[in-house]
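Protein chains: 2
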Amino acid sequence: MIRIAIAGYGNLGKGVEAAVKNAADMELVAVFTRRDPATVKLRTPGVPVVPVDRMEEYCGKVDVVVNCGGSATDLPETTPAIAAHFSVIDSFDTHARIPEHFATVDGVSEKAGTVSIISVGWDPGLFSLTRMYANAVLPNGNDYTFWGRGVSQGHSDAIRRIDGVLDARQYTVPVEDAVARVRAGENPELSVREKHTRECYVVAEEGADLARIENEIKTMPNYFADYDTTVHFISMEELREKHMGIPHGGCVIRSGNTGMDLETKHTIEYRLQLESNPEFTGSVLIAYARAAFRLAKKGETGCHTVFDIAPALLMPEDGAELRAHLL
Amino acid sequence: MIRIAIAGYGNLGKGVEAAVKNAADMELVAVFTRRDPATVKLRTPGVPVVPVDRMEEYCGKVDVVVNCGGSATDLPETTPAIAAHFSVIDSFDTHARIPEHFATVDGVSEKAGTVSIISVGWDPGLFSLTRMYANAVLPNGNDYTFWGRGVSQGHSDAIRRIDGVLDARQYTVPVEDAVARVRAGENPELSVREKHTRECYVVAEEGADLARIENEIKTMPNYFADYDTTVHFISMEELREKHMGIPHGGCVIRSGNTGMDLETKHTIEYRLQLESNPEFTGSVLIAYARAAFRLAKKGETGCHTVFDIAPALLMPEDGAELRAHLL
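As you go down the protein sequences, you meet chains Z and B in turn. Everything in the first sequence is counted per the numbering used here, starting at 1 for the first residue and increasing by one. Everything in the second sequence is counted per the numbering used here, starting at 1 for the first residue and increasing by one.
Hints are computed from structural coordinates only; laboratory data are not their basis. Heads up, some of the hints might be wrong.
What the hints assert, rightly or not - Heads up, simulated DSS-like pairs for lysine-lysine below, C-alpha to C-alpha not over 25 Å straight-line:
1. 61(Z) <-> 297(Z)
2. 242(Z) <-> 218(Z)
3. 298(Z) <-> 298(B)
4. 21(Z) <-> 41(Z)
5. 21(B) <-> 297(B)
6. 265(B) <-> 195(B)
7. 265(B) <-> 21(Z)
8. 265(B) <-> 242(Z)
9. 297(B) <-> 61(B)
10. 298(Z) <-> 111(B)
11. 265(Z) <-> 242(B)
12. 218(B) <-> 242(B)
13. 21(B) <-> 265(Z)
14. 21(B) <-> 61(B)
15. 111(Z) <-> 298(Z)
16. 298(Z) <-> 61(Z)
17. 195(B) <-> 218(B)
18. 21(Z) <-> 297(Z)
19. 61(B) <-> 111(B)
20. 298(B) <-> 111(Z)
21. 265(Z) <-> 195(Z)
22. 298(B) <-> 111(B)
23. 297(B) <-> 298(Z)
24. 218(Z) <-> 195(Z)
25. 297(Z) <-> 298(B)
26. 61(B) <-> 298(B)
27. 111(B) <-> 297(B)
Said to hold, decoys possible - Some, not all, of what chain Z presents toward chain B, calculated at C-beta under 7 Å:
28. 124
29. 132
30. 274
31. 312
Computed from a prediction, not measured in an experiment: that's the story for all the values here. C-beta: ideal position from N, C-alpha, C; glycine also.
Based on the provided sequences and hints, a complete structural model is requested.
This is the structure in structure tokens:
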């Protein structure tokens, strides 16, 4: 059995917990938390909840730590700290800062003799793999990535910070006409506004100035100003009834040309439709935890990404069985 | 430059030739043929056409041979013969015989110290990879593979063997309603007949008994008897005008569940739409030739499949560039 520990028990940590339960070759041996352990109620019986500053006591008792901290701020600190003692997987998703994060984690892992795999999930992750395979096969072409329809936690949080807002959910929605043009191989040039719209469901304080809130949302730089944004004010009851899920998904499309004169057109499309973003991401993390365990057993060290991992390492079955049944 | 040789200059060989032309880090150095070399006209200037029995003269002058022989009969003989002297890629696609072919090629490659990668293309190949990643992430679920709309060479050949048939094209067509049910996550049980239909365009000899030909097609065991098949008799002119392309494609869909009680549903879909099956397959072969070249340089030996190849090995760029731009 591969012994898994989870660091951070939020939505993603719970998703990893469920994925471990559904993996026949894995067991959850600890959950590390910064909260008071007495306040953390796991759904897996008999697993200790351990203060994060006592993590080192688990050296030799854990094969892979899945770091489920908040991405933008936590992971650049916590993944290297974990890599100093354990093999570790994270889902670091600030694309622009991946090279820097990779370098830091690689340095620590090489020194400590551990295996780390960063930026695992679906984007970065499965979408990145799709882009890579599609680029390898069709070097002459264009990639497009569309996200949604799904909840963006970052955009929801941004709305919540506006004065007079009690709660909010923001859905990122791909523009169907743009997707259709890409799928047809038109290779259109698309502005940010032409690719996605943003739908906001907002619960305001009683008596709040709704026009001001709507204006603050729609003009917020980076988050909303470059998009066509719609704002719906709803009651707390409606939010709780209709908007508590965390669905997401999207698609990667590459169309490209082959032939002596590039006269032949092909389209590759990969599409995810996810009822729960954190549960799906947790399942991807767990597949890569299996790969990290195997690389560590072979004596490998250092930082990796999904690009460096042979796909067979993700599966519990051996090579002969995979060739017979999946190839 | 990676030095590529092509063994067999049919449709697939021509597809590989075009893919090499479009790869900045590769050059075509020879085409091996069983035909009279004088009758083989390449589209790449200055490349020698060499009788296959003189292949060994190219030891040390070729990095990877891409074996483009006819799959079902040729490759089990020719890939091991090539592997005794060169790193080699093939597109062996008789799924049931892959384990046997793998064992033979692996034995030869290990002994000769060469690298081989078999069953490369889109199915087996990119579709197999999609199935594997989807199974790794969603171990609880069901896979479905649909092929088409596209030309099946084997089925077209089977029609051509019928008495009174001058030429024919057979299109495999997925049943759209079945695809829609799978995409919606219904996990339906689908018979062979419910997944695909077969469309035949047939040129008959003048005065041939069309009713007999149609009946012979529709009742042909394995090829057509289990399917809803339509037969259209057309003129040679119409066949030449409308049915000379070799388009293909299809999709892999896996829907599966996550969560502590498997209560959450997800769908993964991968879709190819190809104007030319051999050109696209040739492009996949060439990406894996790059991987074989790199494995050989690292001193690895033996037989591999797409499952064993880390995706970064397929790309000309180095790891840092890939992380910065594709992850």
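Now for the hints, and whether the structure bears them out:
no.	hint	in the structure
1	61(Z) <-> 297(Z)	15 Å, holds
2	242(Z) <-> 218(Z)	23 Å, holds
3	298(Z) <-> 298(B)	17 Å, holds
4	21(Z) <-> 41(Z)	16 Å, holds
5	21(B) <-> 297(B)	23 Å, holds
6	265(B) <-> 195(B)	23 Å, holds
7	265(B) <-> 21(Z)	16 Å, holds
8	265(B) <-> 242(Z)	17 Å, holds
9	297(B) <-> 61(B)	15 Å, holds
10	298(Z) <-> 111(B)	24 Å, holds
11	265(Z) <-> 242(B)	17 Å, holds
12	218(B) <-> 242(B)	23 Å, holds
13	21(B) <-> 265(Z)	16 Å, holds
14	21(B) <-> 61(B)	18 Å, holds
15	111(Z) <-> 298(Z)	17 Å, holds
16	298(Z) <-> 61(Z)	18 Å, holds
17	195(B) <-> 218(B)	17 Å, holds
18	21(Z) <-> 297(Z)	23 Å, holds
19	61(B) <-> 111(B)	20 Å, holds
20	298(B) <-> 111(Z)	24 Å, holds
21	265(Z) <-> 195(Z)	23 Å, holds
22	298(B) <-> 111(B)	17 Å, holds
23	297(B) <-> 298(Z)	21 Å, holds
24	218(Z) <-> 195(Z)	17 Å, holds
25	297(Z) <-> 298(B)	21 Å, holds
26	61(B) <-> 298(B)	18 Å, holds
27	111(B) <-> 297(B)	17 Å, holds
28	124	5 Å, holds
29	132	5 Å, holds
30	274	5 Å, holds
31	312	4 Å, holds
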